[in-house]
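Asker: For reference, the chains in residue letters:
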Amino acid sequence: QQQVKQSPQSLIVQKGGISIINCAYENTAFDYFPWYQQFPGKGPALLIAIRPDVSEKKEGRFTISFNKSAKQFSLHIMDSQPGDSATYFCAPRADTGRRALTFGSGTRLQVQP
Amino acid sequence: GAVVSQHPSRVICKSGTSVKIECRSLDFQATTMFWYRQFPKQSLMLMATSNEGSKATYEQGVEKDKFLINHASLTLSTLTVTSAHPEDSSFYICSAQTAGNYEQYFGPGTRLTVT
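First to last, the protein sequences are chains A and B.
Going left to right, the first sequence walks through residues 69 to 181 as our numbering numbers them.
Going left to right, the second sequence walks through residues 64 to 178 as our numbering numbers them.
Check the hints yourself; a few may be wrong.
Unchecked claim - In silico lysine-lysine, BS3-like type, Cα no more than 27 Å apart, as pairs:
1. A/73 / A/139
2. B/77 / B/127
3. A/136 / A/125
4. A/126 / A/73
5. B/104 / A/73
6. A/110 / A/126
7. A/83 / B/129
8. B/77 / B/129
9. A/110 / B/129
10. B/118 / B/129
11. A/126 / B/77
12. A/110 / B/77
13. A/110 / A/83
14. A/83 / A/139
15. B/129 / B/83
16. B/104 / B/77
17. A/110 / B/127
18. A/136 / A/126
19. B/127 / A/83
20. B/104 / B/129
21. B/127 / B/104
If you're looking for bench data, these hints aren't it; they were derived computationally from the structure.
All values derive from a computational prediction rather than experimental measurement.
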C-alpha cells in the first residue's frame, strides 16, 4: 500500500516563478506534515512543517497548504531561485507506533536562471 | 542547535568485511534514532528505529543480522554492516528525535561503497 503519493516527479521553473509540489496521503492517523529539502550528497533538512489544526503556514518564500478532507498538502515556493534547485520530499508522520516519517518519492526541482 | 553528525562521511570497503557507521546528536539527547538507506535518485527507505537502551525495530525485509544497530547512549547510535557485499553500496542516513518532539534531525549521510 502506497501511503504517500508525491507529484510531480520533476519540475522545471524559471527564476522568480512559483514552484508547487503536491503530496497525497491515505493514513488518517498522520498528524505532522513536513517538507524536507535535500541537496545531492547531503542529508535531508527540514524546510517547513504543519500540524493539522491549521490550513496554511508561511515561512519566508515557503508556504504549506493543507487540506485535511482531501488528505493532501502542498509546498509552494514563491520567487523560486536557482539555489532552490534540490530534491524535495514530503514525509508525514503519525504520533503512534514508531513515529517514523513516511517519505514520498521525491520531486527534483530545477530553477533555471 | 539540533545538529546530527555521522562518521565517516565516505567509506570504501572490500566485499566480506564489516563497516561501522556512527551517528551522534551533538547538542541534544536523542531518545529515538532512525536509520535510512537511499539509492541514487530514489527516496529514503527506513531500515530501523532504535530507542536508547532497547533493541532496534527493523523494517520488513531488512536483515537484522546484517545491519546491526546499537543505540548505547542518548547521543550515539551505530550501524554496522556485516559481511558487506556490493549490493550494500548505498547512502546511509541517520536521524534523531527527542521525546515529545515532532521534528527529526538528519545527519549528513555516509556513502558506502563495497568493492
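Asker: Each hint should be assessed against the structure and marked as holding or not.
Answerer: Hint-by-hint comparison with the structure:
Restraint check: the Cα-Cα separation between residue 73 of chain A and residue 139 of chain A comes to about 11 Å, which is no more than 27 Å; the hinted pair holds. Only pairs whose Cα atoms come within 27 Å are accepted, and residue 77 of chain B paired with residue 127 of chain B is accepted, the gap being roughly 21 Å. Among the hinted pairs, residue 136 of chain A with residue 125 of chain A is consistent with the structure: their alpha-carbon atoms are about 14 Å apart, no more than 27 Å. Distance check on the hinted pair: residue 126 of chain A and residue 73 of chain A sit about 23 Å apart at the alpha-carbon level, within 27 Å; holds.
The hinted pair formed by residue 104 of chain B and residue 73 of chain A meets the criterion: a straight-line CA distance of about 16 Å does not exceed 27 Å. Taking the CA atoms of residue 110 of chain A and residue 126 of chain A, the gap is about 25 Å. The hint holds against a cut of 27 Å. A C-alpha spacing of about 46 Å is found between residue 83 of chain A and residue 129 of chain B, which places the hinted pair above 27 Å, so the restraint is violated. Note on residue 77 of chain B and residue 129 of chain B: the hinted pairing holds, with a Cα-Cα distance of about 15 Å set against a maximum of 27 Å.
Under the criterion of a C-alpha separation no larger than 27 Å, the hint pairing residue 110 of chain A with residue 129 of chain B is consistent with the structure, at around 25 Å. Between residue 118 of chain B and residue 129 of chain B the alpha-carbon distance is near 15 Å, which keeps this suggested pair within the 27 Å criterion. Annotation: proposed proximity of residue 126 of chain A to residue 77 of chain B is violated, straight-line Cα distance about 48 Å (limit 27 Å). Distance hint between residue 110 of chain A and residue 77 of chain B is fulfilled; the C-alpha atoms sit about 24 Å from each other, no more than 27 Å.
A C-alpha spacing of about 23 Å is found between residue 110 of chain A and residue 83 of chain A, which places the hinted pair at or below 27 Å, so the restraint holds. Taking the CA atoms of residue 83 of chain A and residue 139 of chain A, the gap is near 30 Å; set against the 27 Å cutoff, the hint is violated. Restraint check for residue 129 of chain B and residue 83 of chain B: satisfied, since their Cα atoms lie roughly 12 Å apart, inside the 27 Å limit. Straight-line distance between C-alpha atoms of residue 104 of chain B and residue 77 of chain B comes to about 24 Å, which keeps the hinted pair within the 27 Å bound.
Among the hinted pairs, residue 110 of chain A with residue 127 of chain B is consistent with the structure: their alpha-carbon atoms are about 26 Å apart, no more than 27 Å. With a C-alpha separation of about 17 Å, the suggested pair residue 136 of chain A and residue 126 of chain A falls inside the 27 Å cut-off, and the hint holds. For a cut-off of 27 Å, the pair hint linking residue 127 of chain B to residue 83 of chain A is broken: about 46 Å separates their Cα positions. A hinted pair counts as satisfied when its Cα atoms are at most 27 Å apart, and residue 104 of chain B with residue 129 of chain B qualifies at roughly 24 Å.
The suggested pairing of residue 127 of chain B with residue 104 of chain B holds, with an alpha-carbon distance near 25 Å, which does not exceed 27 Å.
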